[in-house]
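Novice: Spelled out from the first residue to the last, the chains are:
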Amino acid sequence: MAAANLNTIRATIEARLATELALAPVIPVVFHNQPYVPTPNSSWVQCLVSFGANDYLTMGGTTGSSNSVIGVVAINIFTPKGVGPGANLTIGKRIRDLYNRAIVSGVHFDPPIGPEVVAAPAPEGFFQTQVRLTFETFEDL
Amino acid sequence: MAFYRGQQGSVKFDDAGSSTSTITSTRSWSLTVEKESLDTTALGDTYRANVGGLISGSGTCEVLYTASSADETNAFIKNINTATDQGVALFELFLDTTGTKKASFNGVITSAEYSATVGEIEVVTINFVTNGTITLSI
Numbered sequence: 002m003a004a005a006n007l008n009t010i011r012a013t014i015e016a017r018l019a020t021e022l023a024l025a026p027v028i029p030v031v032f033h034n035q036p037y038v039p040t041p042n043s044s045w046v047q048c049l050v051s052f053g054a055n056d057y058l059t060m061g062g063t064t065g066s067s068n069s070v071i072g073v074v075a076i077n078i079f080t081p082k083g084v085g086p087g088a089n090l091t092i093g094k095r096i097r098d099l100y101n102r103a104i105v106s107g108v109h110f111d112p113p114i115g116p117e118v119v120a121a122p123a124p125e126g127f128f129q130t131q132v133r134l135t136f137e138t139f140e141d142l
Numbered sequence: 373m374a375f376y377r378g379q380q381g382s383v384k385f386d387d388a389g390s391s392t393s394t395i396t397s398t399r400s401w402s403l404t405v406e407k408e409s410l411d412t413t414a415l416g417d418t419y420r421a422n423v424g425g426l427i428s429g430s431g432t433c434e435v436l437y438t439a440s441s442a443d444e445t446n447a448f449i450k451n452i453n454t455a456t457d458q459g460v461a462l463f464e465l466f467l468d469t470t471g472t473k474k475a476s477f478n479g480v481i482t483s484a485e486y487s488a489t490v491g492e493i494e495v496v497t498i499n500f501v502t503n504g505t506i507t508l509s510i
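Protein sequences, first through last, are from chains A and B.
For what it's worth, the working numbering labels the leading residue of the first sequence as 2, then goes sequentially.
For what it's worth, the working numbering labels the leading residue of the second sequence as 373, then goes sequentially.
Bear in mind the hints are in silico, worked out from the structure with no lab data behind them.
It should be emphasised that the depicted structure is a prediction, and the values quoted were computed from it without experimental measurement.
There's no promise every hint is true.
[As the list claims (entries may be wrong)] Examples of chain B residues toward chain A, derived with CB under 8 Å: (1) Gly-378; (2) Gln-379; (3) Gly-381; (4) Ser-382; (5) Ser-397; (6) Thr-398; (7) Arg-399; (8) Leu-436; (9) Thr-469; (10) Gly-491.
Yeah, the Cβ is synthetic: ideal placement off N, Cα and C, and Gly gets one too.
Kindly produce the complete structure, drawing on both the sequences and the hints.
Specialist: Below is the structure:
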C-alpha cells in the first residue's frame with residue numbers, strides 16, 4: 002500500500018502505445034516534453050498523458066484509505082495531407098483497440114473518444130485526428 | 373472550533389460480538405436513533421403531553437467491494453446470510469480518527485444490496501437495526 006506513483010502510471014500508458022506502434026507498420030511516437038521534427042508526408046503519433054481529478058473513495062486518513070486518481074490520454078495522429086483519411090483511421094483503430102475498456106497494471110481505461118478530425122492541425126502540413134480516453138486508477142494509502 | 377469531514381469516520385464490526393475489526397473500503401455510514409413518544413394527555417388538558425418511550429436505531433453502511441476474504445469486511449458483507457441471528461454482532465461507528473467518538477451497539481443486519489454498474493465502482497450497501505443498548509460516546 003502506497004501513494005500512487007504517477008510516473009509508473011504514465012509509463013504503463015505510454016509503454017503500451019510504444020510497444021504497439023513498434024510493430025509493423027512501425028509508426029514513430031513522441032511523448033510529452035520530447036523534441037521531435039516530423040518528416041514531411043509521413044505518419045506519426047503524439048501521446049499526451051495528463052492527470053486530473055483525485056477523489057475520496059473510502060473513509061480513513063493518510064493510512065488505510067483509498068483515493069481515485071483520474072486522468073486523460075490525448076493521442077494525436079498525424080498522416081500525410083491530401084490523400085484522404087484512410088491511413089489515419091487505420092492507425093486510429095490500432096490505438097483505440099489498444100486501450101478500449103482495458104485494465105492494465107491497475108489502470109482502468111474507459112471507452113475512447115474519436116478519432117476526431119482536428120480542423121487546424123498543429124504542426125501544419127498533416128492530416129490530424131485525435132483519440133482521447135479517460136483512465137482511473139486507485140491509490141491505497 | 374473543530375469540525376469533522378466524512379473521511380474521518382470509520383466502521384468496526386465483529387459478527388461474534390467481541391473484538392471488532394475495521395471494515396476496510398467503507399465509503400459511508402449513517403445511524404438514525406429514534407425514540408417513540410407516548411401520549412399522556414389527560415382529559416381536560418389544553419396542551420398535548422408526551423413522554424419518551426422505547427429507543428431504537430437503524431442505519432446503513434456503504435462498502436466498496438474489494439474481493440477481500442477471510443477478514444471482518446468479508447464477514448460484514450456476508451452476515452445477512454447468517455441463520456438464526458441472535459443479534460450479537462457488535463457495531464462501532466466512529467466519527468473521528470482518534471477512535472474515541474463513536475456509537476456502539478449490538479445489531480442485526482437486515483439487508484445487503486450488492487450492485488454493479490458499468491463505469492462505476494461496485495458497492496455493497498448494508499442496512500441494520502440495533503439490538504438493545506445504544507451507547508453514544510460522541
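Novice: Now look at each hint and say whether the structure bears it out.
Specialist: Here is what the structure says about each hint:
no., hint, result
1, Gly-378, "7 Å, holds"
2, Gln-379, "5 Å, holds"
3, Gly-381, "5 Å, holds"
4, Ser-382, "5 Å, holds"
5, Ser-397, "5 Å, holds"
6, Thr-398, "5 Å, holds"
7, Arg-399, "6 Å, holds"
8, Leu-436, "6 Å, holds"
9, Thr-469, "5 Å, holds"
10, Gly-491, "7 Å, holds"
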